[in-house]
Amino acid sequence: MSQDTLFDKVWDLHKVSSLPGGSDQIFIGLHLIHEVTSPQAFGALKEKNLKVKFPQNTVATVDHIVPTDNQSRPFKDNLAEQMIETLEKNCLENKIRFFNIGSGNQGIVHVVAPELGLTQPGMTIACGDSHTSTHGAFGSIAFGIGTSQVRDVLATQTIAMNKLKVRQIWCENKLSHGVFAKDLVLHIINALGVKAGVGFAYEFAGPAINALSMEERMTICNMSIEGGARCGYINPDEKTFDYIKNKLCAPKNENWDKALLWWESLKSDENSIYDDVIKFDASKVEPTVTWGITPGQSVGINQQIPLIEELPPNDQFVAEEAYKYMGFKPGQLIKNTPIDVCFIGSCTNGRISDLRIAAKVLKDKKVSKQIKAFAVPGSEKVANKAKQEGLDKIFKDSGFEWREPGCSMCLAMNSDKLIGNQVSASSSNRNFKGRQGSPSGRTLLMSPAMVAAAAINGKVSDVREFIN
Amino acid sequence: MKSEFIPPIGKISQISGKCISLIGNDIDTDRIIPARFLKCVNFDSLGKSVFEDDRKTLKGSHPFDLKENQDSSILIVNSNFGCGSSREHAPQALIRWGIRAIIGESFAEIFYGNCIAIGIPCFTLPKKSILNIQKYSKSKNLFLEIDLKNSSAKSEHLNFNLEIKESSKNMFLSGEWDATSTLLQNSNLIEQKINDLPYTKFNKSNKLFETI
Numbered sequence: 001m002s003q004d005t006l007f008d009k010v011w012d013l014h015k016v017s018s019l020p021g022g023s024d025q026i027f028i029g030l031h032l033i034h035e036v037t038s039p040q041a042f043g044a045l046k047e048k049n050l051k052v053k054f055p056q057n058t059v060a061t062v063d064h065i066v067p068t069d070n071q072s073r074p075f076k077d078n079l080a081e082q083m084i085e086t087l088e089k090n091c092l093e094n095k096i097r098f099f100n101i102g103s104g105n106q107g108i109v110h111v112v113a114p115e116l117g118l119t120q121p122g123m124t125i126a127c128g129d130s131h132t133s134t135h136g137a138f139g140s141i142a143f144g145i146g147t148s149q150v151r152d153v154l155a156t157q158t159i160a161m162n163k164l165k166v167r168q169i170w171c172e173n174k175l176s177h178g179v180f181a182k183d184l185v186l187h188i189i190n191a192l193g194v195k196a197g198v199g200f201a202y203e204f205a206g207p208a209i210n211a212l213s214m215e216e217r218m219t220i221c222n223m224s225i226e227g228g229a230r231c232g233y234i235n236p237d238e239k240t241f242d243y244i245k246n247k248l249c250a251p252k253n254e255n256w257d258k259a260l261l262w263w264e265s266l267k268s269d270e271n272s273i274y275d276d277v278i279k280f281d282a283s284k285v286e287p288t289v290t291w292g293i294t295p296g297q298s299v300g301i302n303q304q305i306p307l308i309e310e311l312p313p314n315d316q317f318v319a320e321e322a323y324k325y326m327g328f329k330p331g332q333l334i335k336n337t338p339i340d341v342c343f344i345g346s347c348t349n350g351r352i353s354d355l356r357i358a359a360k361v362l363k364d365k366k367v368s369k370q371i372k373a374f375a376v377p378g379s380e381k382v383a384n385k386a387k388q389e390g391l392d393k394i395f396k397d398s399g400f401e402w403r404e405p406g407c408s409m410c411l412a413m414n415s416d417k418l419i420g421n422q423v424s425a426s427s428s429n430r431n432f433k434g435r436q437g438s439p440s441g442r443t444l445l446m447s448p449a450m451v452a453a454a455a456i457n458g459k460v461s462d463v464r465e466f467i468n
Numbered sequence: 469m470k471s472e473f474i475p476p477i478g479k480i481s482q483i484s485g486k487c488i489s490l491i492g493n494d495i496d497t498d499r500i501i502p503a504r505f506l507k508c509v510n511f512d513s514l515g516k517s518v519f520e521d522d523r524k525t526l527k528g529s530h531p532f533d534l535k536e537n538q539d540s541s542i543l544i545v546n547s548n549f550g551c552g553s554s555r556e557h558a559p560q561a562l563i564r565w566g567i568r569a570i571i572g573e574s575f576a577e578i579f580y581g582n583c584i585a586i587g588i589p590c591f592t593l594p595k596k597s598i599l600n601i602q603k604y605s606k607s608k609n610l611f612l613e614i615d616l617k618n619s620s621a622k623s624e625h626l627n628f629n630l631e632i633k634e635s636s637k638n639m640f641l642s643g644e645w646d647a648t649s650t651l652l653q654n655s656n657l658i659e660q661k662i663n664d665l666p667y668t669k670f671n672k673s674n675k676l677f678e679t680i
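First to last, the protein sequences are chains G and F. Counted from 1, the first sequence has number 164 at position 164 by my numbering; the numbering is strictly sequential. Counted from 1, the second sequence has number 645 at position 177 by my numbering; the numbering is strictly sequential.
By construction, these hints were calculated from the structure, which means they are not laboratory data.
Some, not all, of what chain G presents toward chain F, calculated at C-beta under 7 Å:
{"id": "1", "residue": "Asp129"}
{"id": "2", "residue": "Thr156"}
{"id": "3", "residue": "Trp262"}
{"id": "4", "residue": "Met413"}
Listed next, the in silico DSBU-like pairs over lysine-lysine satisfying Cα-Cα at most 30 Å (straight line):
{"id": "5", "chain 1": "G", "residue 1": "Lys284", "chain 2": "G", "residue 2": "Lys459"}
{"id": "6", "chain 1": "G", "residue 1": "Lys324", "chain 2": "F", "residue 2": "Lys516"}
{"id": "7", "chain 1": "F", "residue 1": "Lys669", "chain 2": "G", "residue 2": "Lys252"}
{"id": "8", "chain 1": "F", "residue 1": "Lys596", "chain 2": "G", "residue 2": "Lys163"}
{"id": "9", "chain 1": "G", "residue 1": "Lys372", "chain 2": "F", "residue 2": "Lys524"}
{"id": "10", "chain 1": "G", "residue 1": "Lys163", "chain 2": "F", "residue 2": "Lys633"}
{"id": "11", "chain 1": "F", "residue 1": "Lys675", "chain 2": "G", "residue 2": "Lys247"}
{"id": "12", "chain 1": "F", "residue 1": "Lys535", "chain 2": "F", "residue 2": "Lys516"}
{"id": "13", "chain 1": "F", "residue 1": "Lys479", "chain 2": "G", "residue 2": "Lys15"}
{"id": "14", "chain 1": "F", "residue 1": "Lys535", "chain 2": "F", "residue 2": "Lys596"}
{"id": "15", "chain 1": "G", "residue 1": "Lys252", "chain 2": "G", "residue 2": "Lys239"}
{"id": "16", "chain 1": "G", "residue 1": "Lys163", "chain 2": "F", "residue 2": "Lys617"}
{"id": "17", "chain 1": "F", "residue 1": "Lys507", "chain 2": "G", "residue 2": "Lys46"}
{"id": "18", "chain 1": "F", "residue 1": "Lys524", "chain 2": "F", "residue 2": "Lys507"}
{"id": "19", "chain 1": "G", "residue 1": "Lys245", "chain 2": "F", "residue 2": "Lys672"}
{"id": "20", "chain 1": "F", "residue 1": "Lys479", "chain 2": "G", "residue 2": "Lys163"}
{"id": "21", "chain 1": "G", "residue 1": "Lys279", "chain 2": "F", "residue 2": "Lys595"}
Pulled a few chain F residues facing chain G out of the computed Cβ check, cut under 8 Å:
{"id": "22", "residue": "Glu556"}
{"id": "23", "residue": "Ile578"}
{"id": "24", "residue": "Thr650"}
{"id": "25", "residue": "Leu676"}
Every residue, glycine too, gets a C-beta built ideally from N, C-alpha and C.
Please build the complete structure, drawing on both the sequences and the hints.
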């Protein structure tokens, strides 16, 4: 059992009681909600005649269903309109702060909370969305919950949960040039498997992690869930504090000093005990691309799609399914795979640094003719910053469409979808069958820089040939 | 498809029903219920759309479409079932189709928690046992009587033990799987906790915990 890790400390701090069944009752410091997984929770509260206990600890935005082409109201899609209206009504009735479209602060919930300074070290954060693990980048313990648990948080600000084990993922050395956080996390998930993290919190640590910016750390923690870990985190440091300072909801003046004093004490002890430790050499990671139907099925850009006999017996079944669905041959090179659609965005890679690196690749270049390419900023703040920097112009000049903020084609709940068996190069997080809106659509996950390179060449390419 | 949906309520100690076997590892919640069906403000109509895209692809030969499985209620799955998105719509679709218990090699964590929260016990068995059950139920109907207290299952010809987390088992036996009322009992402790947290104090006068 782990001891004295950041996870243990934050868990113990938030433990309200031991429940009769054997799980713990955990206080949730920050609860984030959106339009898809909250309406049924508010409905259940009403049914039980309960009120929202601490409305000030819940914050809402709208992201999954928003159109990215025309956001004027009412939305063209009646069901989407009904969902946003329901959220507006629930927030108003329950006095919950709601960052709506046009507020300047709307966007993907996991992009918005950090950029507003809502996400802080040492907090517990929950949201009805599996990528809540993103917030662990700040040294908070953050996890996705289902709608029944959203109801529980609204009603009690607590949930019933079994304590997780802690696995430290130590990343030695540094990522090499042209290799990004997305490549590292895809590499880790490939090595450990998509279910290795079940029952664990992942602590990402080591020189390679310390060297990452806050946005890159968010990409790493965001994908923890794709490795099966409900929660991933990084011990906070100067970069964390610098990022939060002066954000809208960050502590100010003497409160900042108090916060800093506490935050600086928040980290895993040097002699803390982990349930497991796994080491990686970050310098060995190549630009990485998925070839299959789980985020664990990936290879380096210069590698071949594995042969069935090269895979562990337990992975062979899904690999067979993946070859068939993707229409790829075992042993085939991933490089030069033709692409139809390029998508840059999502809670994994829809932040300003993601747009900057993609713009750097795209500058003075043109998107290949047969490609449909679009960029969806993660939030209104990201979009505004990108415009200030002229990034939107670079994208548009290259042939990319420049859209309004939202989750978009990461999960295709709005009208941004693949058609038929199109292949997408996507900076998002999931390559599941049908994930991007077409039941036979195919997704190749990669870093935003790699998506930009694929857009220019019309096929999977090594971004290192584009940037010096 | 069952006619009227009656949600489970209170203590759950026994589940009996016919098994339906679904083969495959890493079956994610996008496959259980594709995202377009999440455009709803209640769960009522999800049952008919469970595995929609997989079923369409298999044109009637998906286990959830086979005639002999229509009155099944115990789902037999392989490894890492329910991975991916946290959408509770996935178990809500399964329970509305008629699934009341799941037996598998392993489950993704958020999916597992969602199942417990809506009253679907999930049991685990070693890979080999799952494969045996799936093989057996392919050739003939397998009716199981699951006894939660003893974590066991029996049929006419089989008798075996099931594994379930002790905390989940206790919650079903006591009826506390619907956690809200249990959590509410500690109201005083919750009030104390929020006041004691360091960040409640230093965020008090800024915009984080602003009341509207």
